[in-house]
Amino acid sequence: MDFSLTEDQIRFKELAVEFAKKNLNEGFSERERNGEFNFEGWRKCAQFGLHGLPMPEQYGGLSRDILTCAIVMEGLGYACKDSGLLFAINSTIWTCECPILKFGTDAQKEKYLPGLVDGSLIGGHAATEAGAGSDAFSMKCRAEKRGDRYILNGAKMFITNAPIADFLLVFAVTNKDKGFAGISSFIVEKGFPGFSVGKPLEMMGLRTCPLGEVILRDCEVPAENILGREGAGAGIFSSEMEQERSCLFAMHLGAMERELEECVNYAKIREQFGQPIGKYQSVSHKITDMRMRIELSRLILYQVAWMKDQGKRAPVEAAIAKLFISESYLQTCLDALQIHGAYGYSKEFDIERDLRDSIAGRIYSGTSEIQRNLIASYLGL
Amino acid sequence: MANKQIVKNFIQSELVKDKARSSLQDNDNLIEAGVIDSLGIMKLVTYLEETFSISISDDELIPDNFETIDAISAFLVSKQQ
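The listed protein sequences derive, respectively, from chains A and B.
Start counting the first sequence at 1; every next residue gets the next number (the working numbering).
Start counting the second sequence at 1; every next residue gets the next number (the working numbering).
Quick caveat, the hints were computed from the structure, so don't treat them as lab data.
Using N, Cα and C, we set each Cβ at its ideal position, and we do this for glycine too.
The hints are all genuine.
Straight line, CA to CA, 25 Å or less: simulated DSS-like cross-link-like pairs of lysine-lysine:
#1 K79(B) - K312(A)
#2 K8(B) - K178(A)
#3 K4(B) - K79(B)
#4 K102(A) - K43(B)
Computed far set for chain B versus chain A, every beta-carbon distance over 10 Å:
#5 K4
#6 N27
#7 D28
#8 F52
#9 I54
#10 D70
#11 F75
#12 L76
#13 S78
#14 Q80
Sequences and hints are given; from them, build the entire structure.
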């Protein structure tokens, strides 16, 4: 088994690191305090090619395999402090671009993918409701076919990019008697009658990623904007989730690498009781565990990316990756904060922000508990 | 063993939670009965792909193809042609 990266992957990651350091961190602290999205950063990332990493060249993309995408995102996570921006981009790629590419008609692909790839369009994915989080398929938003359009009614909550999105993939019930099999997916543009977005939600972390409520009140969606077939919504959603769990957490891996570097440097410099704190096992063991978590996170992340590149289904592996990497990131942030003491707790350092950002990782893309349920189910429990 | 029976055996042993439930009928609505839920359908799809060497697109996970054992069997035939 060859674990080495290709020259292209190594170089692309280096370029991503250089790009992020040069272009994405200036003014970030203030943006994070104010909860402002970095539109300029979004555009620069699109110009760099991020938004179109896995998309075909036909739509302006770079046609990179999933493993390469993960490696690039790892580099960005290492070098870019703005996790909110990276989250917004990753969400667009894996839960908006990829479903349109995989399930869309040629007309839908032509209409939406070029704009998503060049950054001129911002997309999102709207499934969650106030009463349907982990139990996503208990959603209440309805879509009724009338003539040449669907009429959507309902509300979606905690929708990434909603306040700034040009369109969203909205999941709605088209047949309430079929349970999960009665859900369909629609491409809903912000200009469609009956579509509105509530004010941005203020969250604990990922503060630079806009998040909001979506209200659909007799929202008129042309019939040709259904994604896939009626009743295919659950399959599309599950496909997106597996993709997201496989790839989005690459940026966490990069962030953990950054935290490890900072902790090693700090542990060598900071002296207490006459020696560097890194000489104390209580500190060095924490840093050792960070390194262990990084190596194991990388292995499972790359394995899942490889499986997706082979066209294999990887529901269990993706769940394991998501669960392990997100939990590892949180623990790494907690340990980094502890190692830095009061400085870690201070807003003058980046650690407290990383910690706030990391907590969300246990919730989005399916909570840690849901991942464990999924794994248990595949074990026959 | 006929494909239909293979499918029925898998569903009975792996997806039916109430083991006291009597044998499935070919036209039982598996989704309405809760035998196939959103997680179960993914397990079924993985089993069908591996057992019958077919590829199933995620947008084919619709009631028409998976609602009953008869529907699943018909879907299998269409994928094998």
